[in-house]
Each structure stands twice: as C-alpha cells, then as structure tokens.
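Chain by chain, the residues:
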Amino acid sequence: SQQGEEDPQALSIQEGENATMNCSYKTSINNLQWYRQNSGRGLVHLILIRSNEREKHSGRLRVTLDTSKKSSSLLITASRAADTASYFCATDERGYSTLTFGKGTMLLVSP
Amino acid sequence: NAGVTQTPKFRVLKTGQSMTLLCAQDMNHEYMYWYRQDPGMGLRLIHYSVGEGTTAKGEVPDGYNVSRLKKQNFLLGLESAAPSQTSVYFCASSAQLYEQYFGPGTRLTVT
Numbered sequence: 002s003q004q005g006e007e008d009p010q011a012l013s014i015q016e017g018e019n020a021t022m023n024c025s026y027k028t029s030i031n032n033l034q035w036y037r038q039n040s041g042r043g044l045v046h047l048i049l050i051r052s053n054e055r056e057k058h059s060g061r062l063r064v065t066l067d068t069s070k071k072s073s074s075l076l077i078t079a080s081r082a083a084d085t086a087s088y089f090c091a092t093d094e095r096g097y098s099t100l101t102f103g104k105g106t107m108l109l110v111s112p
Numbered sequence: 017n018a019g020v021t022q023t024p025k026f027r028v029l030k031t032g033q034s035m036t037l038l039c040a041q042d043m044n045h046e047y048m049y050w051y052r053q054d055p056g057m058g059l060r061l062i063h064y065s066v067g068e069g070t071t072a073k074g075e076v077p078d079g080y081n082v083s084r085l086k087k088q089n090f091l092l093g094l095e096s097a098a099p100s101q102t103s104v105y106f107c108a109s110s111a112q113l114y115e116q117y118f119g120p121g122t123r124l125t126v127t
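The listed protein sequences correspond, in order, to chains A and B.
Its first residue numbered 2, the first sequence is counted upward by one per residue in the working numbering.
Its first residue numbered 17, the second sequence is counted upward by one per residue in the working numbering.
One chain only, chain B, in its complex shape (with noise of 0.2 Å):
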C-alpha cells in the first residue's frame, strides 16, 4: 500500500497561473483533508471532504478550490495563484475522526 500521495512534489509558479495539486489514497478512507504549513502558523485546514462528491470549507479556503469525484483522489486548484498562497500543502485522510495519514507535501512557491 503506497498510503497517501501527493503530486507534484515541487512547484514554482508565477503571479496569476493556475495549477491543481493531486492528492490520492489507497486505503478506502471515507474523509481526506487539504492543509497549508506556514513557519510558526502550524498546519491550517484549506478544504475537506466527508466522501466521494462532497466537499467543506476549513480555516482558510479563499483562493483555493477542491473536488472529490472519486473516492480515493482529492484534488486542490489553485485558480490565480498569488504570493501569500506560497506555502507547503500536506494532503490527509481518515476513517472519520480517528488517525490522520499524511501525504509526504508538495512545496509551492508563487513568485
């Protein structure tokens, strides 16, 4: 079982572009999570899902969207990517509220 991935690893964008961050699980979980690690903010939750077709706002969700078309894949857009969306975004799921699995994080920087 690979767990949780996430794709791309890294990326460098500019003012404006837009880009879509792949989140996948393989372990049949019901709840999967988009978060942002700013230094000294800890982890803030972007958007999150309950099951396939749904999806919620969490702390911080303007600037981003989500979809959740297939149970085992969350994708985050980014429509307009902006500086202050420079960060680390960690992609997690569950099997409700128990213990969440964590993705290695993709690094985006926005120049």
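So that you can see chain A by itself, here it is in the shape it has in the complex (with noise of 0.2 Å):
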C-alpha cells in the first residue's frame, strides 16, 4: 500500500507565483524526499529532509517536515513555466529497505 499521498492532485498558477504541495504519510519514517517527473521521463530526486529536521531550503524549493502530523510540504517560490512537471513524495518506512511513492501532484504554470 502507498503511504505518502500528495495534496493536491494537480495545482494550475500563473509565472511568478509561488505553489505549495502536501504530502502525508502513516507511519514513522527516517526520512522523505521528494521528486520531479517531467512528462514522459524519468524521476529526478529533488531534496532529502530528515525526520530529526523541520525544515529544508535547496534554491527556490522549501521542505517542511512535521512528524507529530505526518505530513510535510513542498513550496517552489517565484514558479516558472519550466517547473510545469508532476511532484512526488517519497517515504523511507523505518524497517524497511525501500522508498514508498505517493501519487503525485501535477503542476502547470502558465506563463
């Protein structure tokens, strides 16, 4: 069974704003990750935020992390067109030796 599920299935903005995603998950983790999938391609990993961390910067991307919720969001500041892409959450389940996908919020930024 998936244990991260994003929130929402798709967001539609325009350039220059910014667009936020949640992801929630069931158990306790080690950590999570989230991921970019362009249409038609492979994921691409884009940042790792531990459980014993709340919050994460990597450019224009911004993780929060809270473990009493079990959830955690993404926030992409000042959108491109070129972000236009689908956002995965990704769970490392505490005792287990794999990651468990949600199914990806999709993302249009219209110029």
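Bear in mind the hints are in silico, worked out from the structure with no lab data behind them.
This one's a predicted model, so the numbers in the text were calculated from it and none came from an experiment.
Keep in mind that a hint or two might mislead.
Pairwise CB distance ranges (calculated) [claimed, not checked]:
1) A/K27 <-> B/M43: 23 to 33 Å
2) A/A79 <-> B/T31: 48 to 58 Å
3) A/N39 <-> B/K30: 26 to 36 Å
4) A/E56 <-> B/S100: 38 to 48 Å
5) A/L62 <-> B/Q33: 38 to 48 Å
6) B/N89 <-> A/H58: 31 to 41 Å
7) B/Q88 <-> A/E54: 28 to 38 Å
8) B/K30 <-> A/P112: 38 to 48 Å
9) B/G56 <-> A/S52: 24 to 34 Å
Beta carbons are placed, not taken as given, at the ideal position from N, Cα and C, and that holds for glycine.
Fit chain to chain and form the complex, with the hints in mind.
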C-alpha cells in the first residue's frame, strides 16, 4: 500500500506565483524525499529531509516536515513555466529497505 | 557517466510473449529497483535488490521475475505477458536508502 499521499492532485498557477504541495504519510519514517517528473521522463530527486529536521531549503525550494502530524510540504517560490511537472513525495519507512511513493501532484505553471 | 540506462525504450508484445528489460547503472550503487507507473497510480515497486546476487519482492511482484547477477545490472523478466502489464517501467538505483536515480523508462504495450 502507498504511504505518501500528495495534495492537491493538480495545481494550476501563473508564472511568478508560489506553489505549495502537501504530503501526508502513515507510519514512522527515517526521511522523506521529494521528486519531480517531467512528462514522459524518469523521476529526478529534489530534496531529502530527515526525521529530525523541520525545514530545509534548496534554491527556490522549501520543504517542511512535521512528524507529529505526519506531513510534509514542498513550496516552490517564484514559479516558472519550466517547473511544470508532477511532484512526488517518497517516504523511507523504518525497518524497510525501500521508498514508498505517493501518487503525485501535477503542477501546471502558465506563462 | 551515463547514470541509469534502460533497454529497450519502447516495446509492443502480444499476450503470452516473453521479454526481458535491462537496467544498467555506472554509479556503483548497491540498491536497484524496478517500478511500474500507471495513470493515477503513482509508482509501484515490483522487485528490488540490495546487492549483487540478491532480490526481493515489492508491492506488485506477480507476473515478473528479476535477476542481479552483476552489481551494475538488474534484469526484469515477463515470462507470459498480459494486457494488465501494459505500463511504463522505471528502473532506479541508489546508495542505500538515499536519493534514487531513475532511468528514462520503458513504455510497454501488451495487446
């Protein structure tokens, strides 16, 4: 069963606006990762946040993690048309050797 | 470095035919994975390997077999293809449970 669930399923914004995507999960984790997938391509790793971290930044990306609520958010600031893609969260569930991916949020950034 | 490569990129099979998908990585990663991606279902793990000579079942292993005879290669076999196996298949590799590097995908259609 899939642990991470992204919200919303789809998001449409204008260039320059911020985009926020959320991920909820069910069990204790070691870390949570976010990936991007451009149409028809493989996933690309964006950022990893460990369970003892609350916030992490990478360029225009900001990720937060709230382990008490079992949720994470990905904020993309000053969105560009090139940010149009699907975004997936993936959790590293304690005791397992694999990641569990959510179903993703489709982001459309219009010029 | 080529990263993760997958062969072939596209394939059409008739029901009952067999085929092997090849994944190769040049990053000396221990962990390798096979996923399938279907519309609205996100990524689902088929099989994975935590080292040369080891394999394990993922979330949806039925109808597939795998082998990891060499560290750099991970093969996914379909012995008797079914229309339900029409999907996009992604291979990934990682150094333990950190960021996964994905291949470009194989689009398989079973008629």
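Comparing the hints with the structure gives:
1. Against the hinted window of 23 to 33 Å, the Cβ-Cβ separation of A/K27 and B/M43 comes to about 31 Å, which satisfies the hint.
2. Distance hint check for A/A79 and B/T31: the Cβ-Cβ separation is about 49 Å, which falls inside the suggested range of 48 to 58 Å.
3. Range check, A/N39 to B/K30: about 31 Å between beta-carbon atoms, so the 26 to 36 Å window is met.
4. Separated by about 42 Å at the C-beta atoms, A/E56 and B/S100 satisfy the suggested range of 38 to 48 Å.
5. Hint check: A/L62 to B/Q33, Cβ distance near 43 Å, so the stated range 38 to 48 Å holds.
6. The given range of 31 to 41 Å is respected by B/N89 and A/H58, whose C-beta atoms sit roughly 37 Å from each other.
7. Between B/Q88 and A/E54 the beta carbon distance is about 33 Å. The supplied range of 28 to 38 Å therefore holds.
8. In this structure the hint that B/K30 and A/P112 lie 38 to 48 Å apart at CB holds, the actual value being about 44 Å.
9. Distance hint check for B/G56 and A/S52: the Cβ-Cβ separation is about 29 Å, which falls inside the suggested range of 24 to 34 Å.
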